[in-house]
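Trainee: As given, the protein sequences belong to chains A and B, one line each in that order. Per our numbering, the first sequence starts with residue 1, numbered consecutively. Per our numbering, the second sequence starts with residue 1, numbered consecutively.
Read the hints as simulated data drawn from the structure, not as lab findings. Because the structure is a prediction, the values reported are computed rather than measured. Don't take each hint at face value.
Listed next, with one range per pair, are the computed distances between beta-carbon atoms [unchecked claim]:
1. Asn120(A) <-> Gly179(B): 28 to 34 Å
2. Lys421(A) <-> Asp341(B): 18 to 24 Å
3. Lys29(A) <-> Glu459(B): 27 to 33 Å
4. Gly179(B) <-> Ile466(A): 45 to 51 Å
Covered by chain B, per the in silico footprint, the following chain A stretches (three or more residues, Cβ under 8 Å) [to be verified]:
5. 203-211
6. 323-337
Virtual Cβ for every residue (Gly too), placed ideally from N, Cα, C.
2 protein chains.
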Amino acid sequence: MKPSIPKGTRDFSPQEMVKRNYIFDIIRKVYQLHGYQPIETPAMENSETLMGKYGEEGDRLIFKILNSGAYLDGLPQDKTDSNLQLTTYDLRLLTKHISEKALRYDLTVPFARYVVQHRNDITFPFKRYQIQPVWRADRPQKGRYREFYQCDADVIGSDSLLNEVELIQIIDEVFTKLGVPVIIKLNNRKILQGIAEYIGAPDRMIDIATAIDKLDKIGIDGVKKELIDKGFSNEQTEKLNVFVFLGKNKTPNFHNSKYPELDMLHHSDYLASEICTKGVRELKSILDRIDYNSCPNTKIQFDPALARGLNYYTGSIIEVKADPSKSIFTGSICGGGRYDDLTGIFGLPDVSGVGISFGADRIYDVIEELKLFPENLSASTKVLLINFGEEEAQHCLKVLRDLHTSGISAELYPDAKKLNKQFEYADKRNIPYVVLIGQSEIEKGIVKIRNMHSKEEKELLPAQLIEYFKSI
Amino acid sequence: MKPSIPKGTRDFSPQEMVKRNYIFDIIRKVYQLHGYQPIETPAMENSETLMGKYGEEGDRLIFKILNSGAYLDGLPQDKTDSNLQLTTYDLRLLTKHISEKALRYDLTVPFARYVVQHRNDITFPFKRYQIQPVWRADRPQKGRYREFYQCDADVIGSDSLLNEVELIQIIDEVFTKLGVPVIIKLNNRKILQGIAEYIGAPDRMIDIATAIDKLDKIGIDGVKKELIDKGFSNEQTEKLNVFVFLGKNKTPNFHNSKYPELDMLHHSDYLASEICTKGVRELKSILDRIDYNSCPNTKIQFDPALARGLNYYTGSIIEVKADPSKSIFTGSICGGGRYDDLTGIFGLPDVSGVGISFGADRIYDVIEELKLFPENLSASTKVLLINFGEEEAQHCLKVLRDLHTSGISAELYPDAKKLNKQFEYADKRNIPYVVLIGQSEIEKGIVKIRNMHSKEEKELLPAQLIEYFKSI
């Protein structure tokens, strides 16, 4: 039997762990700097907490946990009368009966559940961050996994647009620290709604937005065709031509407080409807507050074709991509938005929230592609003490303890193997320094240090050892 | 619908997170100091990787994941012919068919699977640590959860007893850093085997060990009765009387290199059998290497009644408990042992390993009981900037960015609420300092700082702000 792991899941080696923790630590540090507090929720939630929150597709992609014990007992009688065939059994009903728990699908719904459940212990506005894995039964493919980490920050209990401004600053700070040049795309669901109204199909905003979202891929004609196939008229789709203009002019960024496209759209009758005006005003007041000079590596764009999270976002929509002029990576590496009534589903209505989520795995891929991981990242030990045998090893244990007490990571090779074997171990583990304390060193009262990189060796007094390793 | 989480699982609030991370960070730091490298494995493993590795009970307690899609399709024909009733369906067989993945039950088996799967990329001896949650469908009760973290360190590929010595040092260092006084109990499976042979029932070591393990609870007579019920003779059980002596004399610790009980046992015919002699020699060579003076808060005991992990441990057995003279907490808070053939089950035989596992949740309870958490542990922000309205807020955003650039955690209250509301927020969040920049401050070109604890207020020049917060 050749051991393996479920498809879409991964083991992480020490080398990968160090790189992943480098990313997590930066995100965590920036979150904390901005006053976000950590929480964690269980991997498994009650099914009713998750089911129906992510649309039909989501329900299918949620991993369900089989009840323990005799999970078939007490099946509804009418379903268990004789000449019933298992394969003809109503699957939805059976699943409901044999599985009452499911694995976390994202961090947003569990967070909403957390807020409602602990509402009395929480000080609002509540700024929390959460870095945990989530699970989705998606078809695995490059860059898409069945287990992956999300790094979320949300503010709940405040509808101030300053929260959006802060989240955009957080995004900029994280990617600046990581050295990744990015484009932050902004939109507002109300603007999408305005477009739908302008086209004369206010109740079909999602159809329209979903089509427009593909503008970059399929072009304006593709968008029109898709909508006509969905029953829109030529007259309606013609009104979308303005997006060609926008498509062309998306690249210039708001590196000042003037937003030509936005003003153009706004002052045309195009986005003049009441709801849309509100969306434009929200967007502008966010853009007005951003200190563009302080984020030189980050482009900030208004993209009226940006449509994501339309099932729950009600205001701002945020999406971050690696700068295409620097990276071939096209996927979204961070996203977020505002939801006016997330906790309503759990019985706490009218609490506005806004949040973002970093996709650590995709960010990892981009950093690898751009070779931006610091070279000194290492999971390794600094010092290996060579094992020359019983007596010498006993002698080394004291040295080892002194090194540890001084905070220097060190290990004693556990077996008295041939010297070259032990050197080989140090090399493969990228341990930079080896300390040799054999009989002759013990008699001379010295210790020998070998630099595994330069192969140089030098002799020191035991008392000098700590200082030496602290100094390098 | 009142939101809730599955029984046996927990949410962790910011306050709890900070305390938990305090424990994890200490364990992680000590592991790294000793040259252990981090890895992570997926939450879900293929069922065949886990099933049958933890005994029958374990198999029942493993959380199984329902296959996605039409999981009933392709059920063995003979089982799906008509007039079959679901409730009469062979449960084991059905489960095997509808569930091919399961949640990690511990970190040891996934680690063994990892080692075999990645054997060609691993440098042996391989010292790894792993801090991840595990899941067990146990009946929840105080201190026992269905989702809990394990913090494991294992060395694989070396049978040197120096590894045991290092792990005992790690245990001492972790609990010393945490301030928790502990007793480390040591035994060796070979000694238990020797007892079984001495009693004349070499093939019933596990029955005997399991009974002796209860000595503290049920006394020597209880132990004898249990064994007699299991078919042992009076003559055999009489031979266990020596444990009464040991029970009485367990408290004196090895704070020197003399081990009276061990020697007594050894030089009596009691533990003189070949296997037992080997066990005693292993134990002594571990005890001989420990630097007792350097671990004053840790008692180290030989406990021949200690029996745990008998399904896989083949040599050393380690168990750690809070010192009963200081804590009422009786459960084991750390444990481990040596297994000579862990990876054999996955096709890589004759690789010896030894490891330990810290029970973070129980350690948390002990630290709470003994009030040992540092008082300055806080998930909070250092500075809150008061929001006096549009214009002032805009002014504060720059100050905020300067604070963040200097690494000072700070936040701007998002809404221009009444001052007392914002003070109340700072109080509840335990934010020690509040900065007030209102119209008058802006005009005067100053900033006002309020110490939320002493209620003192002082005025500074904006330029002095950073230095001030860095200095305190």
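Trainee: Please go over all the hints and tell whether each is borne out by the structure.
Mentor: Evaluation of the provided hints:
no., hint, in the structure
1, Asn120(A) <-> Gly179(B): 28 to 34 Å, "holds (33 Å)"
2, Lys421(A) <-> Asp341(B): 18 to 24 Å, "holds (23 Å)"
3, Lys29(A) <-> Glu459(B): 27 to 33 Å, "holds (31 Å)"
4, Gly179(B) <-> Ile466(A): 45 to 51 Å, "violated (25 Å)"
5, 203-211, "violated (count 0)"
6, 323-337, "violated (count 0)"
In this structure, the hints that do not hold are numbers 4, 5 and 6, in rising order.
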